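Keeping their order, the protein sequence lines are chains A and B.
So that you can map any letter, position 122 of the first sequence is 307 in our numbering, and since no number is skipped, the others follow by simple counting.
So that you can map any letter, position 150 of the second sequence is 132 in our numbering, and since no number is skipped, the others follow by simple counting.
In short, the hints are calculated from the structure, not lab data.
This structure is a prediction, so every number in the text was calculated from the model and none was measured.
Every residue gets a Cβ at the ideal spot worked out from N, C-alpha and C, and that includes glycine.
Hints may be right or wrong, so weigh each one.
[To be verified] Covered stretches of chain B, as calculated for chain A (at least 3 residues, CB under 8 Å):
1. 138 to 149
2. 158 to 170
[Said to hold, decoys possible] PhoX-like mimics (lysine-lysine), calculated; alpha carbons at most 25 Å apart, straight line:
3. B:K478 x B:K412
4. A:K264 x A:K370
5. A:K264 x A:K212
6. B:K172 x A:K327
7. B:K155 x B:K88
8. B:K155 x A:K260
9. A:K326 x B:K233
10. B:K155 x A:K264
11. B:K143 x B:K155
12. B:K75 x A:K262
13. A:K387 x A:K404
14. B:K241 x A:K327
15. A:K327 x B:K143
16. A:K208 x A:K194
17. B:K75 x A:K248
18. A:K201 x B:K75
19. A:K199 x B:K143
20. B:K327 x B:K398
21. B:K75 x A:K264
22. A:K327 x B:K233
23. A:K330 x B:K172
24. A:K309 x A:K327
25. A:K260 x B:K75
26. B:K143 x A:K330
27. A:K241 x B:K71
28. B:K172 x A:K326
[Claimed, not checked] Estimated spans, in silico, between C-beta atoms of each pair:
29. B:F156 x A:D325: 21 to 27 Å
30. A:S306 x B:N45: 42 to 48 Å
31. A:D325 x B:S229: 29 to 35 Å
32. B:F156 x A:G348: 17 to 23 Å
33. A:R329 x B:T207: 56 to 62 Å
34. A:G245 x B:S144: 26 to 32 Å
35. A:E276 x B:K387: 31 to 37 Å
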Amino acid sequence: MNNTILELKNISYKYKNNLILNKVNLKINSGEKIALLGKSGSGKTTLISVLNGTIKPTQGEVKLFNKSFDELDRKQKRKITTIWQDLRLIEDLSAEQNVNCGLLAENNFYFAIKNLLNICSFNKAHKYMQLCRLHNSIYDKKIRKLSGGQKQRVAIARSLIQGAHILLADEPFNNLDPKLITTIKNLLLENVDKNNTKKSPKTTLVSLHRLDFLNDFDKVIGIRDGKIFFNIKRTNLKQLHLDKIY
Amino acid sequence: MNNLKLNYTSLSFLPILVSIPLGYQLLTNIHFGGFELFEEFLISAFNPKINNEIIITVINRLNETILISFLSWLVSIIFGAILGILSSKIFYKIFNIPNFFYSIIKGFLTIIRSIHEVVWGILLMQIYGINFSIGIIAICIPYIAVNSKVFAEQLENIEHKSFESINQINAPKFSSLLTLIWNPIITTFKNFGIYQLECSIRSTVILGLFGIGGIGTSIFLSFQTLNFRELWTYLWSLAIFIIVSGSIFKKIKFNKINKILSIFFIAVFFITILFSFSYFLYYIFNNNFENFNYFSSLFKSSSDLGLLYFLKLILETIILSLLSTGIAISLPPLLIGIFNNNTSKILIKIFAFLLRLIPTPVILLTLLTFNNPSLSLAALTLGLHNAGITSKLLFTNLDSQDKKKYIAMKSLGISKKTSWLLGLFSQQAKSYLAYCAYRSDIIIRETAIVGVIGSVGLGWQLRESLSSFAWQEVILVLIAYSSIAIVGELINGKIKNSLT
Ligand SMILES: Nc1ncnc2c1ncn2[C@@H]1O[C@H](COP(=O)(O)OP(=O)(O)OP(=O)(O)O)[C@@H](O)[C@H]1O
Ligand SMILES: [Mg+2]
Chain A
186 MNNTILELKN
196 ISYKYKNNLI
206 LNKVNLKINS
216 GEKIALLGKS
226 GSGKTTLISV
236 LNGTIKPTQG
246 EVKLFNKSFD
256 ELDRKQKRKI
266 TTIWQDLRLI
276 EDLSAEQNVN
286 CGLLAENNFY
296 FAIKNLLNIC
306 SFNKAHKYMQ
316 LCRLHNSIYD
326 KKIRKLSGGQ
336 KQRVAIARSL
346 IQGAHILLAD
356 EPFNNLDPKL
366 ITTIKNLLLE
376 NVDKNNTKKS
386 PKTTLVSLHR
396 LDFLNDFDKV
406 IGIRDGKIFF
416 NIKRTNLKQL
426 HLDKIY
Chain B
-17 MNNLKLNYTS
-7 LSFLPILVSI
3 PLGYQLLTNI
13 HFGGFELFEE
23 FLISAFNPKI
33 NNEIIITVIN
43 RLNETILISF
53 LSWLVSIIFG
63 AILGILSSKI
73 FYKIFNIPNF
83 FYSIIKGFLT
93 IIRSIHEVVW
103 GILLMQIYGI
113 NFSIGIIAIC
123 IPYIAVNSKV
133 FAEQLENIEH
143 KSFESINQIN
153 APKFSSLLTL
163 IWNPIITTFK
173 NFGIYQLECS
183 IRSTVILGLF
193 GIGGIGTSIF
203 LSFQTLNFRE
213 LWTYLWSLAI
223 FIIVSGSIFK
233 KIKFNKINKI
243 LSIFFIAVFF
253 ITILFSFSYF
263 LYYIFNNNFE
273 NFNYFSSLFK
283 SSSDLGLLYF
293 LKLILETIIL
303 SLLSTGIAIS
313 LPPLLIGIFN
323 NNTSKILIKI
333 FAFLLRLIPT
343 PVILLTLLTF
353 NNPSLSLAAL
363 TLGLHNAGIT
373 SKLLFTNLDS
383 QDKKKYIAMK
393 SLGISKKTSW
403 LLGLFSQQAK
413 SYLAYCAYRS
423 DIIIRETAIV
433 GVIGSVGLGW
443 QLRESLSSFA
453 WQEVILVLIA
463 YSSIAIVGEL
473 INGKIKNSLT
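Just chain B, with the same shape it has in the complex:
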């Protein structure tokens, strides 16, 4: 036991080593100018502003947030399912279409998915101006692609034999297709779709910080004016909203579908499709013709980015992702392991909830009150936020795990921490790491958000290039982003496969 063995357990802790360079850079960048602000920020958490006026604002802003997130969720789940079907093998088998199209659609969706909704949002806002529907579109683009991947993965589980037997009935092809995919689609919708709604709310809030509207915009404005008490009113009401909506959705059961309800669902389905299409057409033909000039300016603008500088940006983005992933992987098990008692557990849970709740830009801005902008600070922010998410999963898994081994070890006189590590965590380590591999896909994409605010990596460059209308640079940055994300996804896919 003396020498360190590389197993799943140690691999869950090793990434914490990133905190050495990270901590070093943070320490050298510390400044004391903003400590009071930070203090005020923390204290305001317990003393949010409550009066009639702000409650009305909260309600109005939440309504906007709900509208944007619900609509984008609805559209992205429906089109995600449709594109998921179009990018699943079963579709091509039934309709006898060459697999060539399958690869094209899959590739297209991978590229769309590799760019974060905030980037889409900033991009679209620059082209079309700030607009309520930009928020919906910006969320829908990557979400449709993400959802389609999830749906397609489930559809790949349909057995070839079921396909053969339905095929042998020689029914109309659409009937066969629908009958085969029905259950995987419904199950995915139930298990994943509901969770996606929460993601959609978070994305709306973040886009709000960039001016789309809703509670996110209020959060940003109150932060900018250093109105921390107001800020916390918004944050807490958002928290209440997320918790309440989450528990309501958990309660909804789709098992007892009756005739009226099914007709309602079908109607929603088709109306959403119709509306989306007509809106899309309206947008293209009616709205912003003059803005197409931007596209022509793409060819006029030139790029001032030197190759070396560009490579530095890419490297920064990669390092940023790695550092954040390190924190997101190792911090939760480390904290839970070291502070292994009930009070600490509750505190960690609350802390994790706050890290999930507060949008990353706000976390970053808060940290900036006592630290100069640096890559490490951005990494810390992103890492902490994602640690909030990974720790939720870890807690859920640990709580539902059989504790026999842990109790047996403790009764043998082995210390509580060691028993926790070897008796509880070691059994979770593998699946935890697999989830973290999936999470790091998302972290790579999210580097854009902290990059834009924290002046690091490609995210920052994107903002600079956009504000100077240097469209060639924008395209270059997007390609770089997309490539990093796609390569990251490939590597993570390999890791995930070896873990499951």
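Isolated chain A (complex conformation):
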């Protein structure tokens, strides 16, 4: 079971003389559910951006399936999906069009055109939006007209629809009410939904501030000032660990 799919080797990231990530080593194994903890500004978002290849580290190596990002083809890169903290949706497109953007990778250019012209099928998008408890009245609304929590769930739906193996979720529970948080948490972490079909990626790394959720994870990573302070099994987590990073 211990097959590493995503690995950071001695990663440092410098931005204008500030060391934002400091010699980070990290292995993510297939099927793991990882919680990423850390104060605001500790480097969680930066770490996630390095993990998905958006930020090129100043030093060190990122390996996905044992290859660096440059060696991977598009199909392999697609195995990672990200729910961004700042969502990064396309504001002028409708909610369903944004969710369909998650399908761009597995479809051709023609699909992109049809999506923009609003003449493609949105069935799959709607299915995922329903899973995220999005009401069908917002399907064709522009993102800029949605509430914070609605936008958050559109971003989640866009990510899940990609059917990736690895999900990197950066504070995905922002803007959600308690009931929705539970729903979304189950959606992100459970491999199987009630119809016994797999909806969420096998491997998940979630950055979060909710310590009461840790029971749902296998592993906990604590980061502070760009350095990993601990990377342990959840069952081994002590208050002492948390004191170190908060």
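Mind docking chain B with the ligands on chain A? Use the hints.
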């Protein structure tokens, strides 16, 4: 309040000082030979010729104008969008192409843009002869470059983060590109493309004056034969056409696009591209092989232009631009401010509309009826025409502005003019000046049109050199033109940045 402070408001009025040298030169050049003609010209405005024959001519000529302007608009908007994408950073980010190509395309488009469509038209007519499609090509060349700049500017607003998130989906690159640029492109098309159609109509009319065909040619011929009543029939029908087409286009809503309509648009898009390319190839390979001799004669011909004379032409062109810009900036606020009542406002609006409507060469020719050709006369023409355009903007902005401050000042007993100046105009001055900076880019290019007719500056020299097939001189003049326009654009860009 006693000493003059340099703020945006005073800067909007100061340029009117150009009217001192301008007025002086105009007064010394006045002649009374043509006053009757001028009078006749004015009176004919109220008494245009209307009969069956002329109505049929109007319809035929308008059809030509519509065809030329619509086709050139369509081609230039589509290729403008494509080149706009190719000259935007987002394209290079997605495809990972070195920025070197970005600079090359941008530079190339800047040069193309710096030369006015009339100059392209005259040039192409000299090479290929008068031809219907020359009009389309002449308009398309600078318009594509202008449009591409506008599209590219909008595309630069796409956030890097949106790019990153789409990039992370790892979709085919064209899908990512299209998804990112879709909305900026559509919005630009809606906001700017429609307005460009009107510009395209005006350009067609002006090129018509130079013989391309359409209503412009009729206007020119009737002017030449001093058939003023006929002339006004053409001008008024053009006015009606511009107003009607403008209001029709305002009504069209692109929001409710359905399947059939989108397929139609896509079809138009690809057919236009296909046609343009095949026409281009046809032109190069089939049409005018023998005319390539002209290009070889470029190396045989010599230039008789002395350096000093050439510098004088350049200076004249620069002065011409400055004087016209001065008028275009200051005349509208001055008139609106001084004659600040409803009747005058309507009169100014009508006058401004006429100045926009009547092509600059016709304005110039009219003024020539009682004034000898001079630099000032050309500047006045260009200035008045552009004042017609800046005043339209000023009126629109003033009308939509909150009038609270103005009303409050008036109720305090402050005079109407002062309240208008400090309560209304002062808030518009900055954005008005920014628009004028943009307008002066266009004025520099338009000096070519009045130059050709009014015997000043590089425009005149261009015509002379062309008619004597002195291709080296032509190239020299074009380079000079282009340099002035590009330097002007750079300076105006700086001014605009400091104003916004
Ligand atoms: N684009 C940027 N430019 C400059 N500094 C940045 C940038 N992005 C992040 N930083 C800095 O890097 C550090 C880590 O930021 P990061 O966003 O990774 O923190 P975070 O743990 O995600 O915080 P939060 O919980 O508030 O989202 C911070 O000190 C931040 O100021
Ligand atoms: Mg963060």
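Tested hints:
no.	hint	verdict
1	138 to 149	holds (count 6)
2	158 to 170	holds (count 7)
3	B:K478 x B:K412	holds (10 Å)
4	A:K264 x A:K370	holds (21 Å)
5	A:K264 x A:K212	holds (16 Å)
6	B:K172 x A:K327	holds (18 Å)
7	B:K155 x B:K88	holds (22 Å)
8	B:K155 x A:K260	holds (13 Å)
9	A:K326 x B:K233	holds (24 Å)
10	B:K155 x A:K264	holds (17 Å)
11	B:K143 x B:K155	holds (16 Å)
12	B:K75 x A:K262	holds (18 Å)
13	A:K387 x A:K404	holds (14 Å)
14	B:K241 x A:K327	holds (19 Å)
15	A:K327 x B:K143	holds (18 Å)
16	A:K208 x A:K194	holds (8 Å)
17	B:K75 x A:K248	holds (23 Å)
18	A:K201 x B:K75	holds (22 Å)
19	A:K199 x B:K143	holds (19 Å)
20	B:K327 x B:K398	holds (14 Å)
21	B:K75 x A:K264	holds (22 Å)
22	A:K327 x B:K233	holds (23 Å)
23	A:K330 x B:K172	holds (21 Å)
24	A:K309 x A:K327	holds (19 Å)
25	A:K260 x B:K75	holds (20 Å)
26	B:K143 x A:K330	holds (20 Å)
27	A:K241 x B:K71	holds (20 Å)
28	B:K172 x A:K326	holds (20 Å)
29	B:F156 x A:D325: 21 to 27 Å	holds (25 Å)
30	A:S306 x B:N45: 42 to 48 Å	holds (44 Å)
31	A:D325 x B:S229: 29 to 35 Å	holds (30 Å)
32	B:F156 x A:G348: 17 to 23 Å	holds (22 Å)
33	A:R329 x B:T207: 56 to 62 Å	holds (59 Å)
34	A:G245 x B:S144: 26 to 32 Å	holds (28 Å)
35	A:E276 x B:K387: 31 to 37 Å	holds (34 Å)
When each numbered hint is compared with the structure, no violation occurs for any of them.
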